[in-house]
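If you're matching positions, the sequence shown starts at 11 in our numbering and goes up one per residue.
Bear in mind the hints are in silico, worked out from the structure with no lab data behind them.
Treat the numbers as computed from the prediction; the structure is a model and nothing was measured.
Please note that a few of the clues may not be correct.
Unchecked claim - List time: in silico DSS-like cross-link candidates among lysine-lysine, alpha-carbon distance up to 25 Å: (1) Lys79 / Lys32; (2) Lys162 / Lys101; (3) Lys185 / Lys239; (4) Lys122 / Lys91; (5) Lys118 / Lys279; (6) Lys162 / Lys13; (7) Lys67 / Lys79; (8) Lys32 / Lys107; (9) Lys57 / Lys32; (10) Lys57 / Lys67; (11) Lys188 / Lys91; (12) Lys239 / Lys122; (13) Lys188 / Lys136; (14) Lys91 / Lys101; (15) Lys13 / Lys136.
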Amino acid sequence: MSKIAIIGSGSWGVALATHLAKCGNEISIWSFDPEEKRIINQERKCKFLPGLVIHEKITCSNDFEEVIKGAQYILHVTPSKFTREVFNQYKKYVENKPVIICSKGFEKETRKTLDEVLLEEMPTAKVGVLSGPSHAEEVSIAIPTVLVIASKQDDVLETIQKSFTCSQMRIYTSKDIKGVELGGALKNIIAFCAGVAVGINLGDNTLAALLTRGLRELTRLGIALGGEKETFYGLSGLGDLIVTCLSQHSRNRKAGKLIGQGKTLEETKKEVGMVIESIDNIEVAYQLSKIHNIEMPIVETVYQVIYENLKPREAVKKLMTRDVKSE
11 MSKIAIIGSG SWGVALATHL AKCGNEISIW SFDPEEKRII NQERKCKFLP GLVIHEKITC
71 SNDFEEVIKG AQYILHVTPS KFTREVFNQY KKYVENKPVI ICSKGFEKET RKTLDEVLLE
131 EMPTAKVGVL SGPSHAEEVS IAIPTVLVIA SKQDDVLETI QKSFTCSQMR IYTSKDIKGV
191 ELGGALKNII AFCAGVAVGI NLGDNTLAAL LTRGLRELTR LGIALGGEKE TFYGLSGLGD
251 LIVTCLSQHS RNRKAGKLIG QGKTLEETKK EVGMVIESID NIEVAYQLSK IHNIEMPIVE
311 TVYQVIYENL KPREAVKKLM TRDVKSE
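Whenever a hint applies, use it, and build me the whole structure from the sequences.
Structure, rendered in structure tokens:
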């Protein structure tokens, strides 16, 4: 088959590596941590996925050139806030290889989407975005999963679709990079809110309303930022929203639940133990809603919970007592 480079050795990077290795590919993962390299290569373990035995076709290195040389394409799977920094360290090895963004979020300081960050640093790059309802814990053990790959280049769509598709994974294609990327980033905010609702012991009625109205909000902002409406009702929007809001695997939902239970933001980050994309995404989405004059009451209220000390139960009351209107 092919050699595939994966930049990032967290749970999602290792889960994707596991799937692609089972499809017969040689996988080379980059990690910044020498100890993580040792654990993957020698112990054949991933500290983020207990119980997983690393596939024999997977190796890990701390050297970008070693990982990328000879690869058919590159999967970029670092936390959003490190995207520009890490990409600048390896872009000289990219050449004409497609770079597929598998992270979900924004660059907080610039409010740019990650495809914008990559193209700003390397305008000639062939960029794609892989997204959809997918938890690393399930992909790593071959539970059937359906994703969408978005790119402006037909050859990128064809390569990723063929490379990933098997009996455990189905891949759809899209030309709407902006919509696919924004759906994956913005749904984390609603997942955080779902966690808060669980943390203060609200019920299924509340969660159903939150998902429905939350989807409406992220669609409004997504369209204003260049996405297509239909995309937000597809895998990277509605699909990812459902799995992230309702699953115990979701770190964003877990973070919200801890806040709902009275934990501080710092206590929450420590207990989750991994990057919580929704925290930065909430601030960015709030700022973007003001810049584009988009009404987003759920986003505005959760922003006040995180950054202005609004109590979660008061936040619910504030949302429920807004002026009534037509749907």
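Checked hints:
no.: 1; hint: Lys79 / Lys32; verdict: holds, 21 Å
no.: 2; hint: Lys162 / Lys101; verdict: holds, 20 Å
no.: 3; hint: Lys185 / Lys239; verdict: holds, 13 Å
no.: 4; hint: Lys122 / Lys91; verdict: holds, 11 Å
no.: 5; hint: Lys118 / Lys279; verdict: holds, 17 Å
no.: 6; hint: Lys162 / Lys13; verdict: holds, 23 Å
no.: 7; hint: Lys67 / Lys79; verdict: holds, 16 Å
no.: 8; hint: Lys32 / Lys107; verdict: holds, 22 Å
no.: 9; hint: Lys57 / Lys32; verdict: holds, 20 Å
no.: 10; hint: Lys57 / Lys67; verdict: holds, 18 Å
no.: 11; hint: Lys188 / Lys91; verdict: holds, 18 Å
no.: 12; hint: Lys239 / Lys122; verdict: holds, 20 Å
no.: 13; hint: Lys188 / Lys136; verdict: holds, 15 Å
no.: 14; hint: Lys91 / Lys101; verdict: holds, 17 Å
no.: 15; hint: Lys13 / Lys136; verdict: holds, 18 Å
Hint check: no violations occur; every hint is consistent with the structure.
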